[in-house]
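Asker: What follows is the residue order along each chain.
2 protein chains.
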Amino acid sequence: MATKKSAKRTGKKTAPKKSTAKAAAKTKSTSKSVYFFGDGKAEGKGKMKEILGGKGANLAEMTNLGIPVPPGFTITTSECVNFYKKGKKLSPALKKDVLAALKRVEKALGKSFNDPQNPLLVSVRSGARVSMPGMMDTILNLGLNDETAAGLAEQSDERFAYDSYRRFIQMYGNVVLGIDSANFEHLLEDLKDSKGVSEDTQLKAADWKKLVGLYKEKVLQLTGKEFPSDPMQQLWGAISAVFDSWMNKRAIEYRRINSIPAEWGTAVNVQAMVFGNMGDDCATGVAFTRDPSTGDKIFFGEYLPNAQGEDVVAGIRTPYPINKAGKKPQDKNNPISMEEKFPKCYKQLVAIYKKLEKHYRDMQDIEFTVQEDKLWMLQTRNGKRTARAAVKIATDMVKERLINDKEAILRIQPEQLDQLLHPTLDPAASKEVIAHGLPASPGAATGQVVFSSEEAVEEVAKGRKVILVRVETSPEDIQGMNISEGILTVRGGMTSHAAVVARGMGKCCVVGCGEIHINPMTRRFSVGGHDIKQGDWLTLDGSTGEVILGQVATVKPELSSDFGQLMKWVDKYRKLKVRTNADTPLDAKTARSFGAEGIGLCRTEHMFFAEDRIQAVREMILATDHEGRENALAKILPMQRGDFIKIFREMKGFPVTIRLLDPPLHEFLPHTQEELQSVANGLGVPLSAIEEKYETLKEFNPMLGHRGCRLGVSFPEIYDMQVRAIIEAAAELIKKEGYKIKPEIMIPLVGHANELKLMRENAVRVAELVKKEKGVRLTYLVGTMIELPRAAITADKIAEHADFFSCGTNDLTQTTFGLSRDDSQKFLPTYVEKKILPNDPFVSLDQCGVGELIKIGVKKGHDTKPNLKIGICGEHGGDPASVEFCHKLDLNYVSCSPYRVPIAKLSAAIAALRN
Amino acid sequence: MATKKSAKRTGKKTAPKKSTAKAAAKTKSTSKSVYFFGDGKAEGKGKMKEILGGKGANLAEMTNLGIPVPPGFTITTSECVNFYKKGKKLSPALKKDVLAALKRVEKALGKSFNDPQNPLLVSVRSGARVSMPGMMDTILNLGLNDETAAGLAEQSDERFAYDSYRRFIQMYGNVVLGIDSANFEHLLEDLKDSKGVSEDTQLKAADWKKLVGLYKEKVLQLTGKEFPSDPMQQLWGAISAVFDSWMNKRAIEYRRINSIPAEWGTAVNVQAMVFGNMGDDCATGVAFTRDPSTGDKIFFGEYLPNAQGEDVVAGIRTPYPINKAGKKPQDKNNPISMEEKFPKCYKQLVAIYKKLEKHYRDMQDIEFTVQEDKLWMLQTRNGKRTARAAVKIATDMVKERLINDKEAILRIQPEQLDQLLHPTLDPAASKEVIAHGLPASPGAATGQVVFSSEEAVEEVAKGRKVILVRVETSPEDIQGMNISEGILTVRGGMTSHAAVVARGMGKCCVVGCGEIHINPMTRRFSVGGHDIKQGDWLTLDGSTGEVILGQVATVKPELSSDFGQLMKWVDKYRKLKVRTNADTPLDAKTARSFGAEGIGLCRTEHMFFAEDRIQAVREMILATDHEGRENALAKILPMQRGDFIKIFREMKGFPVTIRLLDPPLHEFLPHTQEELQSVANGLGVPLSAIEEKYETLKEFNPMLGHRGCRLGVSFPEIYDMQVRAIIEAAAELIKKEGYKIKPEIMIPLVGHANELKLMRENAVRVAELVKKEKGVRLTYLVGTMIELPRAAITADKIAEHADFFSCGTNDLTQTTFGLSRDDSQKFLPTYVEKKILPNDPFVSLDQCGVGELIKIGVKKGHDTKPNLKIGICGEHGGDPASVEFCHKLDLNYVSCSPYRVPIAKLSAAIAALRN
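Taken in sequence, the protein lines are chains A and B.
Under this note's numbering, the first residue of the first sequence carries the number 1, and numbering increases by one thereafter.
Under this note's numbering, the first residue of the second sequence carries the number 1, and numbering increases by one thereafter.
One should not assume that every hint holds.
Copies of one chain are not kept apart here, so a pair can be met inside one copy or by any two copies together.
List of simulated lysine-lysine pairs, DSSO-like, C-alpha gap at most 30 angstroms [to be verified]:
#1 855 to 865
#2 826 to 693
#3 355 to 324
#4 797 to 826
#5 328 to 431
#6 834 to 757
Hints in this document: simulated from the structure, not taken from any laboratory.
These numbers come from a predicted model, not from an experiment.
Put together the whole structure using the sequences plus the hints.
Answerer: Encoded structure:
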């Protein structure tokens with residue numbers, strides 16, 4: 001107390017007590033805010049992504065590897081968090097550290113900030129833990145003012161110096177001062193008009209210098225303040241602006257799509273500028289250490305001489321291939337490649353990429369610049385790739401002994417496999433190719449044309465499939481790209497925004513299709529003699545770059561031997577079995593070809609819709625008495641039996657779970673008066689009787705109505721017929737074809753143990769009767785869906801009557817949330833957008849809610865029968881996160897749609913390796 | 001092993017080993033199968049209801065009390081279970097015990113079975129743990145054959161003897177041999193016709209004797225066997241038949257309605273016959289120790305001279321009052337009462353009833369017979385009574401110090417109170433009384449006439465309210481009575497089947513209305529000049545016996561001071577608070593008059609339907625833009641505020657929970673084209689725009705659709721308006737009238753914590769704004785419904801944003817079962833009938849499923865906030881079993897409809913006393 005009081009009395013200027021000073025020092029030492037790199041040595045390293053971001057960590061790592069990297073420093077991600085904590089302000093401590101690091105950069109290069117003789121210019125870039133390409137802001141050429149620009153002109157070239165200066169003002173004006181770039185673009189256009197020229201290259205040094213003056217006037221006019229000429233002031237503004245951009249709209253949207261927490265923050269990299277646009281001995285480029293589209297072990301890249309990096313990435317100029325191998329045949333004799341034009345640097349680059357790939361043990365995406373014939377590496381990171389490339393690279397690297405089979409598995413994102421598994425265009429189908437672009441992301445896509453991201457959202461909300469057609473894409477288009485079937489751009493190369501993002505999303509994409517002309521006003525595009533308007537059907541082949549008129553038939557994918565190898569490793573490590581949801585013999589066959597280990601869900605009612613059966617089904621439903629129903633059922637029995645025989649044949653040796661009739665009967669009802677009359681005729685009753693019955697079948701909430709086993713309770717003869725069809729089918733195959741079959745009969749929508757008890761008794765009675773009739777020995781199981789909250793909650797009692805459980809996550813999601821899948825699309829997107837829900841619970845299992853109920857159900861089921869077989873069926877069976885959840889719950893299997901079987905298998909292996 | 005083998009070798013006739021014999025003896029001693037009573041001493045006692053049944057235990061108890069009871073013995077309920085275990089056979093051991101007991105009866109009376117000189121006749125009756133009046137079979141006069149009948153004739157009177165004999169054959173033929181009674185009735189009718197007489201009393205001894213012969217021929221003809229003449233054979237048959245009747249259809253139905261387990265079994269009472277129909281010095285009767293209708297402390301009963309008990313109970317002859325007090329004014333000078341005609345026996349009976357009531361400490365329902373001026377007691381049991389009587393008797397007995405206040409509470413069945421709380425006929429309403437019957441069970445009922453139980457079931461299934469009109473009722477009518485609003489019979493007295501059963505059910509009932517004539521063929525009845533057909537409206541007043549044409553207005557019940565006293569005791573012992581579900585000021589007022597301690601659920605949308613508001617509500621919903629919606633909301637705001645002011649006033653000093661808009665918007669939509677046009681005019685937009693909007697509001701499953709807080713998320717302005725109305729209303733009362741009000745704002749249909757978080761933020765923002773505007777200090781709570789399984793499962797997270805929880809058991813039942821309340825009536829009755837569900841889960845809470853989820857929700861809610869206030873609202877809040885469940889969960893309150901508040905309070909007190 002005394003100490004405190006005396007401190008107070010001595011006033012504000014008293015030095016802090018020793019203990020306080022110590023604590024401050026301690027805090028500082030545990031959180032270094034700035035990491036220098038340069039001159040072959042860096043304070044950070046590659047493993048420090050969490051605090052240095054991906055780019056910063058890699059710059060440090062590359063520096064430590066002895067690779068030429070322009071010197072600079074990284075401000076940590078923690079400082080980004082501090083920035084927001086302090087009301088978007090840079091702390092004095094941070095500023096001090098930045099100044100110190102800047103001094104070391106100056107020393108490393110022998111250049112100085114604000115030195116008119118030998119000015120140091122820097123870039124200021126963001127860099128989060130994971131790459132968020134193009135999402136946040138970047139400022140180049142920082143450090144320029146009237147004096148240093150003059151000095152730079154002296155050192156190099158006047159035209160270059162003032163072009164760089166005006167670019168800097170435009171970029172800084174936009175990013176830091178918030179001025180729309182169009183203001184600057186207009187001034188440039190006006191100048192060109194006044195000069196009577198159309199290309200930037202036609203402008204001279206004096207023109208750029210004049211433009212710098214006009215730009216500065218514009219800044220003063222719009223902000224009321226002079227453009228900052230002090231490089232330090234420029235630097236503080238730029239660092240703040242990059243931190244600020246972490247919270248811009250497109251970064252938030254990107255994080256939402258990619259599930260990146262906002263709390264991570266971004267690092268800021270301040271690095272000495274090197275110029276690829278200082279003259280003909282300069283260049284800039286982007287490369288992948290292997291082909292990101294095919295995975296082939298070919299050094300693959302693009303570059304532009306005398307250009308800045310953004311020119312390549314933004315797709316404004318179509319770049320040249322980096323090496324001879326990448327050249328198109330028509331360019332064979334044109335020495336446009338870097339290998340030909342910059343042989344020394346290219347050789348150095350090859351040595352570096354090999355070193356980097358070996359060091360990182362993964363395919364790298366690298367950026368470089370050549371300034372006055374000297375090569376500088378600006379970035380390296382694990383490269384995004386197509387599924388095909390991912391599989392090939394992973395299996396190749398195992399062969400090369402760079403990684404082992406477990407690592408290979410963990411290298412593939414299960415969702416990505418979808419690209420490999422979906423049909424491609426049927427080569428036999430006739431197709432009218434109306435244009436060619438670059439094959440940026442493989443696969444085939446058919447949809448109706450839209451011209452903006454907003455239109456895409458609107459149309460998809462109406463249930464349509466769309467192809468997004470753009471001149472070029474930008475980060476604003478992320479949402480539209482995400483929901484489109486495919487993307488077509490007029491401009492840009494294989495490393496353009498559209499190409500990189502589409503590959504990451506696994507979307508079919510064709511870029512750089514310069515033949516087409518978009519008229520945004522009329523919402524049309526023309527190509528050749530064709531005039532395509534919004535809503536017209538278009539097909540893209542992302543593997544060939546073909547743009548095709550209308551809809552085209554597709555065929556199943558052919559899977560590579562690499563894929564087969566990967567799946568062998570997957571099967572070695574995974575614990576979960578993977579079955580398929582298959583309703584027809586064809587589904588069953590497809591699923592087997594993908595390695596499904598049985599059918600987890602065969603929905604018998606889907607067979608009811610076939611044209612030759614629906615009449616009999618309607619007669620069954622609309623029969624006004626038991627006899628009419630029995631007659632109709634007798635017509636359906638042989639059809640069902642035939643289906644089951646075919647499905648059992650396809651699934652020889654694997655289990656097949658058949659769910660008895662589930663949906664409300666009115667789903668099968670006739671829609672027209674003629675159909676009703678035809679049913680009346682078939683039943684031999686007047687139309688009025690049928691109409692009356694029809695009325696009684698209407699329900700307010702059919703999802704919660706007379707369906708599932710409730711139908712089996714009300715109309716036991718329907719389930720009896722189905723059980724008979726199943727057992728007769730099995731009996732026939734056992735007797736005539738010698739198959740081993742153990743059918744699994746599944747009762748849907750059980751909410752109370754007594755329901756299953758009764759349904760089981762009925763099923764067993766019929767099954768035993770058929771066995772006796774047919775004189776066969778066969779075993780079968782009777783189990784149930786766990787798809788109502790009450791079933792999960794009372795699973796211990798239900799298990800007494802069940803040989804197996806299958807968790808029906810679609811319906812369980814509906815009832816747990818009280819959310820109808822059919823109606824939710826009106827508001828669910830808003831929910832995801834407002835972050836009320838992390839994602840659509842019908843796509844990825846809601847683990848906290850629905851998952852918790854499944855946990856309860858599994859536990860209670862196992863309490864009663866420790867060896868009870870439990871799986872899940874429903875869309876979630878093919879969702880990687882949901883599969884991992886099932887693995888952790890120690891379920892026996894997941895069941896998913898045929899095309900997702902490999903995804904589920906890979907997810908299961910990854911889950912097993914991770915947990 | 002050696003022992004076993006040698007035993008085998010010595011053959012079957014070897015005597016059992018000593019140890020086996022001992023074990024058998026032990027088994028026998030622990031399970032005595034037959035209990036004798038007679039001669040002032042009984043082996044059993046009153047507390048042995050579980051093994052002797054209610055009747056047997058009471059006969060033993062009465063015997064031990066020194067009350068004259070005809071000697072006999074009781075076969076235990078365990079023997080009934082054995083009977084079914086052994087394939088419906090009587091074991092030799094049981095037969096041996098029965099023979100021994102029979103000897104003791106013979107000795108006690110000095111009569112013998114099959115003794116032509118002095119024959120012993122017995123009755124064989126069922127008797128379960130709880131009374132199941134008329135549900136099982138009874139056989140009287142057993143022991144008669146040609147010889148003993150002659151002997152009985154010798155001893156008493158020939159006519160009586162042969163009448164008894166033919167009754168015995170008919171009863172035995174029906175019950176034991178399964179012959180339809182109509183066969184015997186026809187022979188009797190034929191005989192009467194041939195004699196030209198219409199009444200049984202006109203037949204002579206010789207006629208009865210002749211009829212005995214015809215009856216025996218009929219038995220031979222229909223069964224192929226002679227009617228058994230050996231009394232022992234008769235006895236075994238009768239005992240088996242009574243055991244058998246435990247499983248007859250009506251007994252099963254009765255047990256289902258009353259939740260009595262089938263495993264209990266029935267006892268069988270074999271007792272010496274005494275005859276009330278042996279001559280004019282004989283009589284038989286039924287009495288209650290207090291008035292079972294009013295509860296008044298008046299000895300109340302009916303009797304018939306020279307009659308058998310069944311004549312009184314079956315209502316075939318309308319009986320006389322037991323005492324002068326019970327006589328109608330017009331009979332004043334007619335000495336018809338037992339008090340007058342059998343003064344000695346009556347005096348003895350009065351002494352006995354007083355002894356019994358004091359002994360059992362409850363109102364007794366007794367049966368007696370006078371044979372040759374000697375009084376015999378045949379039965380005593382706690383008497384069924386109306387709610388009014390139950391309350392009066394319980395409170396009177398506390399005053400009399402027979403029982404204490406806790407016992408008084410436990411004497412009232414909460415469900416029964418419904419009788420007291422429902423409206424009675426408005427005395428001011430004009431009514432056309434078309435007939436008078438006996439006021440058998442109080443209350444008023446209005447419904448459409450049906451003439452059979454089956455018709456009642458059919459009509460009620462269509463949503464109609466029915467009055468069941470019958471000549472007399474029988475146990476087959478139980479189901480029909482249970483679902484009818486009221487019952488009207490032509491024949492029978494206050495203790496007839498209809499009267500007793502209706503009182504037990506709390507149904508309004510008028511009996512013995514001999515004026516009406518039913519024509520079952522035309523489905524009409526006539527009375528006076530009126531002709532009433534099926535479907536016509538009819539009103540009954542069960543308190544006056546009036547039968548009234550058409551529908552009559554009703555008024556609220558006036559509650560007695562006894563009721564008030566009972567409620568004071570209830571309030572002393574209960575722990576749960578009881579609130580009400582009230583949507584209007586009138587509801588609130590009614591509930592307060594019943595003692596509601598606040599409003600647990602005020603559904604704001606119910607106010608929307610009023611004629612003066614629906615137009616504005618429709619404009620709000622169909623507005624095509626935000627502005628249109630805001631304008632419409634501005635019209636609704638003052639109306640809502642006005643309602644809240646009135647409700648707050650009624651609930652002065654008590655909490656009021658207001659739920660924001662919940663149902664899907666289309667519930668409010670116009671139904672006609674004119675209404676749509678009127679909305680379009682109101683909004684100033686074309687009809688087509690409104691029609692389009694109308695279409696978009698349609699949903700497949702509205703219960704799982706865009707409703708509850710999902711509306712609040714999509715259209716925040718709606719909830720904002722409602723919160724404003726609530727806070728403005730509270731502010732006005734606080735400022736102008738000095739009330740203390742703490743409104744509770746409740747967000748419906750929350751499934752995810754984030755929903756509540758957002759809705760809470762919005763509500764707090766508006767509430768704080770209004771507080772500032774109005775310059776008042778007031779506190780309010782924001783809480784949520786727990787009505788989705790996901791809400792229960794994630795209640796810990798939801799509780800972070802909630803000041804209270806209210807479990808909405810209606811919706812929670814729907815989603816937990818996946819069962820729409822609107823659609824379930826098509827199959828739910830079948831479920832209850834087939835015993836798949838024990839009862840309708842919308843009526844009584846499904847404790848294993850829905851209850852388990854509530855348990856989870858309550859636990860998780862309290863994990864986050866130990867003092868979180870939690871209640872339930874929904875129909876279950878007024879269901880006694882559900883209230884007990886809530887008590888056990890330690891909830892703070894239940895909320896139910898106003899008329900059920902006292903039921904909930906009583907249930908809460910009973911739960912507290914029991915647990």
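Asker: A separate judgement is required for each hint: does it hold in the structure or not?
Answerer: Consistency of the hints with the structure:
no., hint, result
1, 855 to 865, "both (15 angstroms within a copy, 24 angstroms between copies)"
2, 826 to 693, "between (32 angstroms within a copy, 13 angstroms between copies)"
3, 355 to 324, "within (21 angstroms within a copy, 119 angstroms between copies)"
4, 797 to 826, "between (38 angstroms within a copy, 26 angstroms between copies)"
5, 328 to 431, "within (25 angstroms within a copy, 102 angstroms between copies)"
6, 834 to 757, "between (45 angstroms within a copy, 12 angstroms between copies)"
Taken one by one, the earlier hints all hold for this structure without exception.
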